[in-house]
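Using the hints, position chain B against chain A.
The chain contents come next:
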Amino acid sequence: MADLTTSEIQGQARARTEWLLVGVALAALLAAPFFFYPIFLMKMLCFALFACAFNLLLGFTGLLSFGHAAFFGGAAYFTAHAVKEWGWTPEAGVLLGVAGAALLGLVMGFFAIRRQGIYFAMITLALSQMFFFFCLQAPFTKGEDGIQGVPRGHLFGFIDLSMPLNMYYFVLGGFLIGVFAIWRIVNSPFGMILKSIRENESRATSLGYSVARYKLAAFVMSAALAGLAGAMKTLVFQFATLTDVTWQMSGEVILMTLLGGIGTMLGPIVGAGLVVALQNYLATSEFPVTVITGAIFMICVLLFRRGIVGEVYARLGRTDSSDAR
Amino acid sequence: MLDAHAGSGGAALDAEPRVVLSARGLRRDFAGFVAVKNVDLDVRHARIHALIGPNGAGKTTVFNLLTKFLAPSAGRIEFMGRDITNAAPAKVARLGLVRSFQISATFPHLSVLDNVRVALQRPGGLGYQFWRSLSTLDLLTPRAEQLLETVGLHDERHKLAADLSYGRKRVLEIATTLALDPKVLLLDEPMAGMGHEDVGIVAEIIRGVARDRAVLMVEHNLKVVADLCDWITVLQRGEIIAAGDYATVSSDEQVKIAYMGTAYDD
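Chains as they are written, first to last, in my numbering: chain A, 1 to 325; chain B, 326 to 591.
Do not take every clue at face value.
[As the list claims (entries may be wrong)] Here are some chain A residues pointing at chain B (derived, C-beta under 8 Å):
{"#": "1", "residue": "P189"}
{"#": "2", "residue": "I193"}
{"#": "3", "residue": "G208"}
[As the list claims (entries may be wrong)] Listed next, the stretches of chain B that the computed footprint assigns to chain A, with coverage defined by at least 3 CB atoms under 8 Å from CB atoms of chain A:
{"#": "4", "segment": "433-446"}
{"#": "5", "segment": "451-458"}
{"#": "6", "segment": "518-530"}
[Stated by the list, open to error] Partial pick of chain B residues on the chain A-facing surface, computed with a CB cut under 10 Å:
{"#": "7", "residue": "S347"}
{"#": "8", "residue": "R419"}
{"#": "9", "residue": "V423"}
{"#": "10", "residue": "F426"}
{"#": "11", "residue": "T461"}
{"#": "12", "residue": "A504"}
Think of the hints as simulated: they come from the structure by calculation, not from any bench.
The structure displayed is predicted, hence computed values, not measured ones.
Virtual Cβ for every residue (Gly too), placed ideally from N, Cα, C.
Extracted from the complex, chain A is given alone in its bound form:
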């Protein structure tokens, strides 16, 4: 009994430290645009949310999707079209992007979850490539040009998002909602079943869980949240192009997540931040960015397979951030 109470006290202390860290991070995020270039920060937030959404599937359900660009880039197109052509408000445009990505996720997930492992990954890749060609051909996406000059508009009709600070706090809000949703899903009764599926799928089946339904639900949730990231990105940069639906984008989000640490809440955020920062600062250097990110990725895989955050947790004696109560 005695050691149990100590472990409980330790757990409480850890929870308190965690909330403290969350508070500090929140304050830093609120203050950040006064110290850094807001567009850069917003790009980071969008990719961080994208990676977190991807991690919901890979890290907490054990499904490796190689087609997440379809949701990210698809939502970008939907939002851009709704805002530019139909004159929707930004929040309505973003919601449409999220809904579109969720629907896309439902269709892709429906086919992909029938297979496991590498076959699952290949089906998601094939379907997202089909979506890429759809985007290349469909008239509303404007082909190679993409949808340019998307107006940011006025949030709720009166907050002018063309002001960088307003836009930043809008994106920060979306990011926090998305990350909170993921945290809630992971630490919920449903998330528990997802983890049990990740751990041992046939055992979960033998306990009476219809595994396919859980996987599909997780897939749709992940797609919708990736869509939220893509929809916000389109408003930040005011365009939606084919870049966001390419398979390279699907690969990039895998890289970010692995680099930061799969199966941790913080890992994808750190990984995305690092990759985006590298891309930004190396864009002007003589080195090709892809070579450097590639080298970092290899070092990461060779030296700390758990990713940056995963490795830190391991050193601190934690196996899975989500198990913390």
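Showing chain B alone in chain A's frame:
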């Protein structure tokens, strides 16, 4: 045919408890290879039924067929009077026919307590609630702890399942299975790879479990089978060659040949 499944009829056996799971003419082909054929089985309430046979006899295939992890090529399976021949595996589990696996089936990176709670979570629709806090599951903790207490795992409930010894993992697996309150428990080699001190514990647990439910187990350890099981079905090369209590089966000539490893004639 031998009078291998006399259990399915006969006035002398009227006093036997009711049949909860029955299979008739079960057959499974794998691309031309017949893994299992003409298997008839009756699993009775409050009885421990063993499925034995040499390696490759098709025991695990029969298990997979009964629990619907494999679809039978022919035959019929009834559970509590209900035809489940074409039911989905998760559905069968929900009806109360729950299996364990040959390879210890736990959720390695969940705690021992959470392993059991995952099983308790399904009734009441707690599985799909993605918007609620994990503390919703706290109401399942007393029941989970009680189950762990029964199998002697209570002190290790905060460990990760991966950190348990092999024998303890199997015990955890049984506790998890019991959490579903199954009507029939199918145990695929529950004692395989266990030290003999754990074998005794698990045998006791199984005996306790079988007081108010049926148990069908695949087991290699004949001593365990002799001590524990009320009825034994012997499979060889996919077919039943004998069935009965231990005394009957162990004196059967065909069984002796199968277990002595005598060369087959064909």
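Evaluated hints:
Hint status for P189(A) relative to chain B: holds, with the closest Cβ pair at about 5 Å, below 8 Å. The restraint placing I193(A) at the interface with chain B holds, with a minimum CB-CB distance near 5 Å, inside the 8 Å limit. The restraint placing G208(A) at the interface with chain B holds, with a minimum CB-CB distance near 4 Å, inside the 8 Å limit. Given a C-beta distance limit of less than 8 Å, the hint that chain A covers the segment 433-446 of chain B holds, as 9 residues qualify and 3 suffice.
Beta-carbon proximity to chain A at under 8 Å applies to 8 residues in the segment 451-458 of chain B; the threshold of 3 is reached and the given coverage holds. Taking a C-beta to C-beta cut-off of 8 Å, the segment 518-530 of chain B contributes 0 residues in contact with chain A, too few for the three needed, and the coverage statement is violated. Against a cut-off of 10 Å between C-beta atoms, the interface hint on S347(B) is violated, since the closest Cβ of chain A lies about 20 Å away. With 10 Å as the threshold, the beta carbon of R419(B) comes within range of chain A, its nearest partner Cβ sitting at about 4 Å, so the hint holds.
For V423(B), the shortest C-beta to C-beta distance to chain A is roughly 6 Å, which falls under 10 Å, so the interface hint holds. For F426(B), the interface hint holds, since its Cβ comes within 10 Å of a Cβ in chain A; the closest pair sits about 7 Å apart. With a cut of 10 Å, the hint placing T461(B) at the interface with chain A holds, because the nearest CB-to-CB distance is about 6 Å. Annotation: interface hint on A504(B) holds; nearest CB of chain A at approximately 8 Å, less than 10 Å.
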